[in-house]
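Chemist: One-letter residues, chain by chain:
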Amino acid sequence: GQSLEQPSEVTAVEGAIVQINCTYQTSGFYGLSWYQQHDGGAPTFLSYNALDGLEETGRFSSFLSRSDSYGYLLLQELQMKDSASYFCAVRDVGSTLGRLYFGRGTQLTVWP
Amino acid sequence: DTEVTQTPKHLVMGMTNKKSLKCEQHMGHRAMYWYKQKAKKPPELMFVYSYEKLSINESVPSRFSPECPNSSLLNLHLHALQPEDSALYLCASSQESRTVVYGYTFGSGTRLTVV
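Protein sequence lines, in the order shown, are assigned to chains A and B. With my numbering as the guide, the letters of the first sequence map in order to residues 479 to 590. With my numbering as the guide, the letters of the second sequence map in order to residues 120 to 234.
These are computed hints drawn from the structure, not numbers from a lab. Note that the Cβ used here is the ideal one computed from N, Cα and C, for glycine as well. Among the hints, a few may not be true.
Dumping the calculated SDA-like pairs for lysine to any residue here, alpha-carbon to alpha-carbon at most 25 Å [what the hints assert, rightly or not]:
id, chain 1, residue 1, chain 2, residue 2
1, B, 159, A, 529
2, B, 157, A, 489
3, B, 159, A, 480
4, B, 160, A, 503
5, B, 157, A, 577
6, B, 160, A, 530
7, B, 160, A, 545
8, B, 160, A, 531
9, B, 160, A, 589
10, B, 160, A, 547
11, B, 160, A, 561
12, B, 159, A, 532
13, B, 160, A, 525
14, B, 128, A, 516
15, B, 141, A, 491
16, B, 159, A, 525
17, B, 157, A, 481
18, B, 160, A, 556
19, A, 559, B, 180
20, B, 159, A, 492
21, B, 160, A, 585
22, B, 160, A, 481
23, B, 141, B, 164
24, B, 160, A, 504
25, A, 559, B, 181
26, B, 159, A, 544
27, B, 159, A, 530
28, B, 157, A, 495
29, B, 160, A, 514
30, B, 159, A, 531
31, B, 160, A, 496
32, B, 159, B, 187
33, B, 141, A, 516
34, B, 141, A, 577
35, B, 172, A, 506
36, B, 159, A, 490
If you anchor each label on the Cβ, the simulated ranges turn out as follows [to be verified]:
id, chain 1, residue 1, chain 2, residue 2, range
37, B, 163, A, 544, 36 to 46 Å
38, A, 552, B, 134, 40 to 50 Å
39, B, 174, A, 518, 42 to 52 Å
40, B, 188, A, 587, 34 to 44 Å
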């Protein structure tokens, strides 16, 4: 089975940096993904790490350590619009297709 | 076209009604998914279609019936639902590869209320 743990909520002020951690236990591993979801909206794909290290995309970076079964999403220069839920996700490799398993989500609130 | 389009956006139905949710993508993705999401919870996988064939059914009750008429379309037929089935129903699609995982593209969802 799959198990992902992430904090339920994080708060920060505009302009700050915030890190959302995710630890996982999986029977197989095809990489760690991150999704953002605003209230009432659809999840949108942010990043994917298959190998150890840091991936940077603009203000967002994602890190993976496979030996520690750990990753994080780093959000810099926070803006009010970054207030949303952030989900880490892993894919089950038990079948050709697999399933995408989501963590319970971290609610990020950015204050002015 | 880099979108997944879902209709309707909102649906209210009685427990004896039959309705269908529709999903369409034109990105050439060969895998399509139905997820159910309750408030403040993560999306939960319901069904996976690969190359228009149902490959995963996550023990979903038979009152939910998926259909994939072609590689661009995915339907979810609803019949005799219960109030606890009220949720956001998300469709997603993805490229398909055994060795590389790409991001899923989600539709904006159908917010379903069963009365």
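Chemist: Are the hints correct? Go through all of them and say.
Modeler: A quick look at each hint next to the structure:
| no. | hint | in the structure |
| --- | --- | --- |
| 1 | 159/B x 529/A | violated, 30 Å |
| 2 | 157/B x 489/A | holds, 23 Å |
| 3 | 159/B x 480/A | holds, 20 Å |
| 4 | 160/B x 503/A | holds, 19 Å |
| 5 | 157/B x 577/A | holds, 19 Å |
| 6 | 160/B x 530/A | violated, 28 Å |
| 7 | 160/B x 545/A | violated, 28 Å |
| 8 | 160/B x 531/A | violated, 29 Å |
| 9 | 160/B x 589/A | holds, 23 Å |
| 10 | 160/B x 547/A | holds, 23 Å |
| 11 | 160/B x 561/A | holds, 16 Å |
| 12 | 159/B x 532/A | violated, 29 Å |
| 13 | 160/B x 525/A | holds, 20 Å |
| 14 | 128/B x 516/A | holds, 16 Å |
| 15 | 141/B x 491/A | violated, 40 Å |
| 16 | 159/B x 525/A | holds, 22 Å |
| 17 | 157/B x 481/A | holds, 19 Å |
| 18 | 160/B x 556/A | holds, 24 Å |
| 19 | 559/A x 180/B | violated, 38 Å |
| 20 | 159/B x 492/A | holds, 24 Å |
| 21 | 160/B x 585/A | holds, 11 Å |
| 22 | 160/B x 481/A | holds, 15 Å |
| 23 | 141/B x 164/B | holds, 17 Å |
| 24 | 160/B x 504/A | holds, 20 Å |
| 25 | 559/A x 181/B | violated, 40 Å |
| 26 | 159/B x 544/A | violated, 28 Å |
| 27 | 159/B x 530/A | violated, 30 Å |
| 28 | 157/B x 495/A | violated, 29 Å |
| 29 | 160/B x 514/A | holds, 13 Å |
| 30 | 159/B x 531/A | violated, 30 Å |
| 31 | 160/B x 496/A | holds, 22 Å |
| 32 | 159/B x 187/B | violated, 29 Å |
| 33 | 141/B x 516/A | holds, 22 Å |
| 34 | 141/B x 577/A | holds, 21 Å |
| 35 | 172/B x 506/A | holds, 24 Å |
| 36 | 159/B x 490/A | holds, 20 Å |
| 37 | 163/B x 544/A: 36 to 46 Å | violated, 26 Å |
| 38 | 552/A x 134/B: 40 to 50 Å | holds, 46 Å |
| 39 | 174/B x 518/A: 42 to 52 Å | violated, 30 Å |
| 40 | 188/B x 587/A: 34 to 44 Å | holds, 42 Å |
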